[in-house]
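A.B. asks: Since the structure of chain V is already known, use the hints to place chain A on it.
Chains V and A, in that order, give the protein sequences. 21 is the number of the first residue of the first sequence in our numbering; add one for each residue after it. 7 is the number of the first residue of the second sequence in our numbering; add one for each residue after it.
Just so you know, these hints were derived from the structure itself, not from any lab. It cannot be assumed that every hint is accurate.
Computed list of chain V residues with no C-beta within reach of chain A, every gap over 12 Å [what the hints assert, rightly or not]:
#1 67
#2 161
#3 183
If the Cβ cut is set under 10 Å, some of the chain A residues that face chain V in the computed set are [unchecked claim]:
#4 15
#5 51
#6 60
#7 130
#8 218
The structure displayed is predicted, hence computed values, not measured ones. Note that CB positions come from ideal geometry on N, CA and C, so glycine has one too.
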Amino acid sequence: MRWLERLRPWVFPAVLLAIAEVVLRQRASDALAPPSAALKSFVGLVADGSLLQATAFTLGSAALGLLVATLLGVSIGVLLGLSRRAAAWSELSVEMLRPVPSVALIPLAMLVFGFGLRMEVAVVAFAAFWPMLLLTQAAVRQVDPRLLEVSRVLELGPWDRALKIVLPACVPRLFVALRLGVAIALVVAVTVEIAANPNGMGYAMMIAQQSLDPAQMLAWLGWIGVVGFAVNAGALALQQRVARRMGAAP
Amino acid sequence: MNRLGSVVVFGLLLGLWWVASHGGWISKVFLPTPEATWASLEEGLRGDLAGFTLATTGRMLQGWLLASLVGVALGALIGISPAARAWLLPTLEFVRPLPASALLPLAIALLGLSAGMVLAVVAFGAMWPVLLATVHGFAAVDPRLQEVSRCLQLSRTAFVFKLGLPNALPDILAGMRLSLTVSLIVSVVGEMIASQPGLGQAILLAARAFRASELFAGIVLLGLIGFLSNTLLSFTERRLLRWQSP
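Isolated chain V (complex conformation):
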């Protein structure tokens, strides 16, 4: 019975794919292709290296954008978490800027940076910055007050207090923020490529659609799904591992 349990998640997608295969084999169209054709197209993409190149571009720019967002978000978040006054004074600015949808900055980033890596990194960084900032701020607020008292007794300066006491104490929560950031960064990176940037997986998919190659388009769609699932699962595993290592409840 164990192997039956293992198999269960795969049954529903397998049935769906089988139905799609049968139906789409019978009537070919410019819009859709049977899964077997998409798989064949996928093998072609792997063979000619375009899969690796596009995936590397998308993941690379998502990672760079997330790095920028993390550096800025964590440093400002620690500041706002430690000082009630700083948090209260910046509240209006944060509340006014945060709801701007990240995709609204695509045309602006296009104007400033042109097409390429930098515009995508800029939009990803803006999108991932806000959750990193707010979650870091909340994490710092929840640091045990006794630890802050210790830092006062040791007469640590503000710099030492942040680096030696506060940051280590909120590492598990920071990784929760990072997990959310990873999910946002990948979604925004693909969105930027679909909307404007002529690079990466999103653009490859748009081009496949525009050149009426549904098999290739579906191959990219499936691959984007697999990459998104794998990256998110990896981030979750990392966060849980850190949480266990640091002795916090997962």
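C.D. replies: Only chain A this time, still in chain V's reference frame:
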């Protein structure tokens, strides 16, 4: 005091913008002056921009409502049966991280470059947070409440409306809030790609024509839509969930 400081800091940011654009720190091609942005905003709201704002807001709200209705209904159907949960949930969790905008090319291939296509993608993309929140909310109904419902011989429909949905409501509302953000984002991207009238198309055209002040006016309006819809929703959320806190 803090309220005042908050306003002062925001004012300082606007001042920094004024200085940066007037002092020529950043080229006016990228960064218009605050006055120019305001003028574009004022002029635009008397002209096209008002219609675009309404179009984008309407698209966002329609997609969001559709997503919420379908998401809650499907979620309740799947959530009420442990068997359906066991068979379907892994697939749903697999689709969740897929960027909604990645479905745009597929939707264009199927439905063409139309307003209906954009609406379909908005609704589909915004449905996931609500759907999964509803399923999880149903799965988390206290086992003792389930026993009570069995003792009272509640029918399935009665269980859904009297125990399942109220129990899942906090999760559903949190999911709906997330899906409102997704709706706005996908609406804007859809307008950019499919050239449907709206703020997404407006800011893309403004950027292509190097009209930075109109671009900024569009960004300001999109920020306002996001801000207002979020504020309204969290207000509603607090009212609806008042029964939970003693």
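A.B. asks: Next, verify each hint and record whether it holds.
C.D. replies: Checked hints:
1. At the 12 Å boundary, the C-beta of residue 67 of chain V stays outside the reach of chain A, the nearest C-beta of that chain being 22 Å off.
2. Against chain A, the non-interface label of residue 161 of chain V holds: every CB pair exceeds 12 Å, the least being about 16 Å.
3. At the 12 Å boundary, the C-beta of residue 183 of chain V stays outside the reach of chain A, the nearest C-beta of that chain being 26 Å off.
4. Interface restraint check: residue 15 of chain A against chain V, minimum CB-CB distance 5 Å, threshold 10 Å, status holds.
5. With a cut of 10 Å, the hint placing residue 51 of chain A at the interface with chain V is violated, because the nearest CB-to-CB distance is about 17 Å.
6. For residue 60 of chain A, the shortest C-beta to C-beta distance to chain V is roughly 17 Å, which exceeds 10 Å, and the interface hint is violated.
7. Contact between residue 130 of chain A and chain V, as hinted, is not supported at the beta carbon level, the nearest pair being about 13 Å apart and thus beyond 10 Å.
8. For residue 218 of chain A, the shortest C-beta to C-beta distance to chain V is roughly 7 Å, which falls under 10 Å, so the interface hint holds.
Violation of the numbered hints given earlier is confined to hints 5, 6 and 7; the remaining hints are satisfied by the structure.
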